[in-house]
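2 protein chains.
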Amino acid sequence: MINTLYLPELREMLAENRTEEMAEFCTAVHAGVTAEFMEGLTPSEAWRVLQHAEPFRRCEIFGFFSEDKQLQILEGEDRQEIAQLIEVMSPDDRVDILEEMDQGIVDELLSLLSHEERRNVIRLREYPDSSAGSVMTTDVAKLEEHLTVSQALAELGHQAEELETIYYLYVVDESDHLRGVVSAKQLVRSIVQPDKSLEELMEEDVVKVDAFDDQESVAQIVARYDLLAIPVVDRQNRMLGIITHDDVIDVVMEEAQEDVQRIGAVNPLEETYLKTPLLTLGWKRGMWLIILFFAALLTAFALEHYEARIDQHVWLVMFIPLVISAGGNSGGQSSTLIISSMARGEIQLTDWVKVVRREIAMGLMLGSLLGLLGWGAGLFLAPKPMYAAIIPITILCVVICGTLSGSLLPLFFRRLGLDPALMSNPFVAGIVDILGIIIYMSVAGVFYSLYPMAEAVAG
Amino acid sequence: MINTLYLPELREMLAENRTEEMAEFCTAVHAGVTAEFMEGLTPSEAWRVLQHAEPFRRCEIFGFFSEDKQLQILEGEDRQEIAQLIEVMSPDDRVDILEEMDQGIVDELLSLLSHEERRNVIRLREYPDSSAGSVMTTDVAKLEEHLTVSQALAELGHQAEELETIYYLYVVDESDHLRGVVSAKQLVRSIVQPDKSLEELMEEDVVKVDAFDDQESVAQIVARYDLLAIPVVDRQNRMLGIITHDDVIDVVMEEAQEDVQRIGAVNPLEETYLKTPLLTLGWKRGMWLIILFFAALLTAFALEHYEARIDQHVWLVMFIPLVISAGGNSGGQSSTLIISSMARGEIQLTDWVKVVRREIAMGLMLGSLLGLLGWGAGLFLAPKPMYAAIIPITILCVVICGTLSGSLLPLFFRRLGLDPALMSNPFVAGIVDILGIIIYMSVAGVFYSLYPMAEAVAG
Chain A
303 MINTLYLPEL
313 REMLAENRTE
323 EMAEFCTAVH
333 AGVTAEFMEG
343 LTPSEAWRVL
353 QHAEPFRRCE
363 IFGFFSEDKQ
373 LQILEGEDRQ
383 EIAQLIEVMS
393 PDDRVDILEE
403 MDQGIVDELL
413 SLLSHEERRN
423 VIRLREYPDS
433 SAGSVMTTDV
443 AKLEEHLTVS
453 QALAELGHQA
463 EELETIYYLY
473 VVDESDHLRG
483 VVSAKQLVRS
493 IVQPDKSLEE
503 LMEEDVVKVD
513 AFDDQESVAQ
523 IVARYDLLAI
533 PVVDRQNRML
543 GIITHDDVID
553 VVMEEAQEDV
563 QRIGAVNPLE
573 ETYLKTPLLT
583 LGWKRGMWLI
593 ILFFAALLTA
603 FALEHYEARI
613 DQHVWLVMFI
623 PLVISAGGNS
633 GGQSSTLIIS
643 SMARGEIQLT
653 DWVKVVRREI
663 AMGLMLGSLL
673 GLLGWGAGLF
683 LAPKPMYAAI
693 IPITILCVVI
703 CGTLSGSLLP
713 LFFRRLGLDP
723 ALMSNPFVAG
733 IVDILGIIIY
743 MSVAGVFYSL
753 YPMAEAVAG
Chain B
303 MINTLYLPEL
313 REMLAENRTE
323 EMAEFCTAVH
333 AGVTAEFMEG
343 LTPSEAWRVL
353 QHAEPFRRCE
363 IFGFFSEDKQ
373 LQILEGEDRQ
383 EIAQLIEVMS
393 PDDRVDILEE
403 MDQGIVDELL
413 SLLSHEERRN
423 VIRLREYPDS
433 SAGSVMTTDV
443 AKLEEHLTVS
453 QALAELGHQA
463 EELETIYYLY
473 VVDESDHLRG
483 VVSAKQLVRS
493 IVQPDKSLEE
503 LMEEDVVKVD
513 AFDDQESVAQ
523 IVARYDLLAI
533 PVVDRQNRML
543 GIITHDDVID
553 VVMEEAQEDV
563 QRIGAVNPLE
573 ETYLKTPLLT
583 LGWKRGMWLI
593 ILFFAALLTA
603 FALEHYEARI
613 DQHVWLVMFI
623 PLVISAGGNS
633 GGQSSTLIIS
643 SMARGEIQLT
653 DWVKVVRREI
663 AMGLMLGSLL
673 GLLGWGAGLF
683 LAPKPMYAAI
693 IPITILCVVI
703 CGTLSGSLLP
713 LFFRRLGLDP
723 ALMSNPFVAG
733 IVDILGIIIY
743 MSVAGVFYSL
753 YPMAEAVAG
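Same order as they appear, the protein sequences are chains A and B. Residue 303 is where the first sequence starts when you use my numbering, and the numbers rise one by one after that. Residue 303 is where the second sequence starts when you use my numbering, and the numbers rise one by one after that.
Just chain A, same shape as in the assembly (with noise of 0.2 Å):
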C-alpha cells in the first residue's frame, strides 16, 4: 500500500524547489518513514528530493526504497552523483545491490570510486554466496588496545558518522588481529574512570566467525548468545569485518522461508513470490513435480500388479485414496518436526534412536486412532463385515510406514551432508503412497484367501 499523505506536498515542493522544506522533509522522521511517505514519487523525483538531505542521511533513506526503485534510481541517475551514494553505502549493502545491476554500469560506477573502496568492493564480492563474509560489513569500530576509555570515546566521536553500528567496539592490534571487544555499555559505565586502558576493561574471549562460515550457522550463533553484533576474522585472526543484528534478523527470515519452501517442495525462490518471473517459478516448482510424477509411477505399476486382485474386488478401490493419504499426511507431520526442528539445532543426529522411538510410538497412537474411524467405514462400505477390518490394520501397518519414513529420511540426508528439508513432505507422501498400495494389497490377499468370499458368505 503506497502512503499518499504527503505526495501533493512532496510534488509542490519539488516544483517550487522549497528547499528548505524538502531539507526538513528529509531529517524529520525515521529514515524508514520518510522512504514510505516517497512510494508515490517516481524514483527520479524521489532522488531529487533526497538531493536536499545531506549524505549520510540520502545514503540511509535510499536504503529504505524498493529494491526496483533503487536499481531504477542508481542505473538512471547521473552517474557521478550515484558513485558519490556508492561511496556511502554500508559495504554488505552496496555489494548486494551491485549484484543485480548491469555489469556496464557497474564498472563506470566502480571507476568513479576511490582506489581504497573499489577495492573494498571488489573485495567482498568474492565470497560465496550465503557466507559470512558475503552478510558482513567492514564499517566497524576498531579502537587499538592501548587507549584510555576518554581517548576512545573521543576517537568514537569521531568514527561514529561514518559506522553502521557503534555497539560493540573492536580492540585489535597494530595488524589488525583481533585481541578483544568493549560493549559502548561497559565504555559509558566506565565514564568514572576515563584513564583505565580498553586492554584493562576489554573481554578477551571474542565470540566471533570465519568469513568462510554459513550465514545460517552465524545467525544461530548470534541468537545463541543474544549479540547485537559478530566480528568476522580471516584464519589469520585478523578482523575483516562484523555482522549486524539487522542482517542476521534477515538471514534467519531468509532461511526460515528458503526451509519452508523446500519442506513443500519448491526451489527456493531468490526473489518474493510476486516478483519471480513466471518460468523461474515454473522451472523451480515444475522440476519437483516431475521427480514426484516418477515416483507416483510406480504407485500406477503396483496397481498393475494387483489388477485381478481388484478386479474381483473392486470395492477395495474405493479406500486407495484414503489409505495413502493416512500415511502421507502423518509422514509429513513427521518430516516437517524433524526438518525444522533440526534446522534450529534442537535434535542432532546423534538424537535419532531417541527419534525413532517418539516416531514408532506416535505411528501405533496415531495409527490404532485412524484404523479405528477406517474400520467404521469398512464396516459401511465393505461387503461383508468381516472384510472391514481389512481397512484398520492396513492403516495401522501404513502410518507407522509414514512416521518412520518422515523422521529416518531427513536424519538419513542430513547424515549423508545434504539439506535434510531436500526430504520435502510430498516426497515423503510420494514413498508412502507406493508401500501403502503394497500394505493394502497384501493384508487384502491374506485377508481373501484366509476367508475365501464363499465362507465369508456362510459365516
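Be a bit skeptical, because a hint or two may be false.
Since the list gives no way to pick out one identical chain from another, each pair is judged satisfied if it fits inside one copy or across any two copies.
Claimed, not checked - Computed cross-link-like contacts, BS3-like style, restricted to lysine-lysine with a CA-CA straight-line distance of at most 30 Å:
no.	residue 1	residue 2
1	Lys487	Lys371
2	Lys498	Lys371
3	Lys656	Lys371
4	Lys371	Lys577
5	Lys498	Lys510
It is worth saying that the hints were derived from the structure and are not from the lab.
Given the coordinates of chain A, work out where chain B should sit on it, guided by the hints.
Chain B in isolation, oriented as in the chain A frame:
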C-alpha cells in the same frame, strides 16, 4: 553436546573452595560460553559456582542455562538467594520463567521481592501470550528532555549497570509520555557539543508499538526499520518498556517454526520436539489427522458413486494415486508459497487478482508438463491408445484445481481474519483429492460415451 573441557577443574575448585579462581572463571569469557562450560555440573553445583560472581554477572550466566537447569535451581535452592536473583533478572525473562514454575513456589518467591518488583511481575503477567507486552522488558533508559548531552552521558553511566540495553535513550516528559528517541550513537557523536539538550537532539517521530499488538507484527516492524529495540506504549502513549533485538530474533524464529508446523498440519508445539510429551504431540497431530481423515472419507464415497464405471474399466484405477498426487503436490506448492509470502508481508490481500492470475498460468504450465508425461504413461498402460488421452486431460484440470485451491484458500482464510497457515498443505491436498476423483471419473465418462469400447476397437 556437553563441553567437558573444564569440568574436572571446576569440580576441584568447588571441592577445595578456591574462591578466587571461581570468581575469575565467572568473568573470564562471554557469559554464554561460561554457561556452556558449566553444562556438565549438576544444578546445585552450578549454583554454588555462581555464588562467586557478582549479582549481575550471576544473572547473566544463569540466563544462558537450559530451561530445565534454570527451573531446578529456582525450585530447589535457597529461597532468599533465588529471590535476589529474580530481583536482578530482566523483567521479561523473569516473567517467562515464573510462568513455568509451581505456583506455590512462585508465591513464596514473590513475597520475598521488593514491593516495586512484585508489582512489576504481576503487571507483566497480565499481558496476553504473544502480545508485545508479554515480550517487553521494563528496564529501559528513560531520560527527561531538558538534560544536556553531558548530563545525559553521566546519568547513563549510573543507569547502565541495571539496563539490558542502552543503545536507544528514550526521552519522556514528567508523566512518562514518550516524546522522542536519541540513539547512543547520536549522543556519542555529540560529545563535542556537551551543552546541547536532548530535546534538540532527539528524533520526535518514534516508531513504537502498542502493548497489545501481536509479537509477529512487532518483529516485522523491527526488521523493516532495522531497529535495535522498539518502545512499547499504552493507549495514552505512556512508555511501558522496550522489546530488544534478541527477543525479536527469538520471536522471528518461533513464528517461523510455528508456520512450518501449521503448513505441515501439526498444531504448533510450545516446547521443542524432544521435550513435548508424547500424548500432547499425539493430540496436536491427531486432531488434524482426524479432520483430514474425514476429508479423505469423501473420496471413498465419491469412488463408490463411480463403482460401476470402475468395474467396467479397471485400468482407470491404476492412475488414481498418480492423478490425485499431481493435484495435491502442485496445490501444496501454491499454499506453501502463498502462506510464507503472506507471513513475511510480501503478499497483501489486495494482491489476490495478481496471485490468481499467476497461479492459473502456473497450473496451465505445470499441468501441461505433467499431462504430457501422463500421456506417455497412459499409452503404455491404457487398454487402447485412444483412452490414454483421459490421463493428460485429467491431470491438466486437476493441477489447475490444485494451484487455484492452494492459493485461494489461504487468501480466503486471511480475509476471514484467520491464520492462513491453518489451510495446511494436507488440507489443500484433501480437497484436491476429492475434486481430482470427480474430474477423473467425469473425463473418463465423457470419453467412454463418445468412443464406446466397440467403436474404439473398430477405429
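Hints versus structure:
{"no.": "1", "hint": "Lys487 <-> Lys371", "verdict": "between (38 Å within a copy, 29 Å between copies)"}
{"no.": "2", "hint": "Lys498 <-> Lys371", "verdict": "neither (49 Å within a copy, 37 Å between copies)"}
{"no.": "3", "hint": "Lys656 <-> Lys371", "verdict": "between (51 Å within a copy, 20 Å between copies)"}
{"no.": "4", "hint": "Lys371 <-> Lys577", "verdict": "within (13 Å within a copy, 47 Å between copies)"}
{"no.": "5", "hint": "Lys498 <-> Lys510", "verdict": "within (25 Å within a copy, 38 Å between copies)"}
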